[in-house]
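> Reminder that position 73 of the sequence shown reads as 215 in the numbering used here, one-by-one numbering, no gaps.
Just so you know, the hints here were simulated from the structure itself, not pulled from any lab data. Quick caveat: nothing in here was measured; it's all calculated off a predicted structure. Some clues are possibly wrong.
Stated by the list, open to error - List time: in silico SDA-like cross-link candidates among lysine to any residue, alpha-carbon distance up to 20 angstroms:
| hint | residue 1 | residue 2 |
| --- | --- | --- |
| 1 | K181 | L209 |
| 2 | K250 | S206 |
| 3 | K221 | G197 |
| 4 | K260 | S206 |
| 5 | K260 | G203 |
| 6 | K181 | E235 |
| 7 | K250 | G203 |
| 8 | K213 | L201 |
| 9 | K181 | H219 |
| 10 | K260 | G215 |
| 11 | K250 | S180 |
| 12 | K221 | K250 |
Stated by the list, open to error - Simulated restraints on C-beta separations:
| hint | residue 1 | residue 2 | range |
| --- | --- | --- | --- |
| 13 | S206 | A182 | 30 to 36 angstroms |
| 14 | I241 | S180 | 28 to 34 angstroms |
| 15 | L201 | S178 | 15 to 21 angstroms |
| 16 | N228 | K250 | 23 to 29 angstroms |
| 17 | K250 | D183 | 23 to 29 angstroms |
Using N, Cα and C, we set each Cβ at its ideal position, and we do this for glycine too.
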Amino acid sequence: MLNRRNITMKKSEKGPAEARSEPRTILDRYRSVEFSISKADPIFQFRVRDISPSGMGILVGSGSRALEYLKVGQVCHMKYNPENQNNSPEELETEIRHITLIKEGRYKGQYLVGLLIKTG
143 MLNRRNITMK KSEKGPAEAR SEPRTILDRY RSVEFSISKA DPIFQFRVRD ISPSGMGILV
203 GSGSRALEYL KVGQVCHMKY NPENQNNSPE ELETEIRHIT LIKEGRYKGQ YLVGLLIKTG
């Protein structure tokens with residue numbers, strides 16, 4: 143489930159239009175994301191993950207202090223570090239879409255945090 147895919151979803155006659163604001167290729171562009179809620183708080187860094195056909199996110203360990211700072215619906219500026227080290231990081235406004243405990247499988251006990259990059 144947590145592998146890289148390039149998926150292009152098209153509007154169908156019976157289904158809704160694509161709801162994501164970022165193209166699927168974002169996972170090809172960014173390796174990790176860094177954020178801090180305020181200057182007084184620590185900086186957290188996580189690998190960007192392809193979490194489903196409809197979104198991206200990060201895996202956060204159950205003991206991570208990052209969980210104390212992240213709230214569903216919160217919008218914050220996150221620095222996305224490029225896959226290609228010759229490119230510069232980009233700071234993008236990002237919404238926390240969900241925080242879900244993984245109950246089974248390889249990542250059991252970790253939290254999947256869904257991210258949505260906001261567009262202008």
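> Hint by hint, say whether it matches the structure.
Here's how the hints hold up against the structure:
1. K181 x L209: 17 angstroms, holds
2. K250 x S206: 15 angstroms, holds
3. K221 x G197: 18 angstroms, holds
4. K260 x S206: Cα-Cα ~25 angstroms, so violated.
5. K260 x G203: Given that 20 angstroms is the threshold and the Cα spacing comes to 25 angstroms, the pair is violated.
6. K181 x E235: Given pair K181, E235 holds - Cα atoms ~17 angstroms apart, limit 20 angstroms.
7. K250 x G203: Holds, because 10 angstroms separates the two Cα atoms, which is no more than 20 angstroms.
8. K213 x L201: 15 angstroms, holds
9. K181 x H219: Between K181 and H219 the Cα gap is close to 12 angstroms, so the pair holds against 20 angstroms.
10. K260 x G215: Holds, at about 12 angstroms.
11. K250 x S180: 30 angstroms, violated
12. K221 x K250: This hinted pair is violated, its Cα atoms lying about 27 angstroms apart.
13. S206 x A182: 30 to 36 angstroms: 18 angstroms, violated
14. I241 x S180: 28 to 34 angstroms: With a Cβ separation near 19 angstroms, I241 and S180 fall outside 28 to 34 angstroms, so the hint is violated.
15. L201 x S178: 15 to 21 angstroms: Distance hint for L201, S178 holds at roughly 19 angstroms.
16. N228 x K250: 23 to 29 angstroms: 37 angstroms, violated
17. K250 x D183: 23 to 29 angstroms: For K250 and D183 the Cβ distance comes to about 28 angstroms; the hint holds.
Hint check: violations occur at hints 4, 5, 11, 12, 13, 14, 16; the rest are consistent with the structure.
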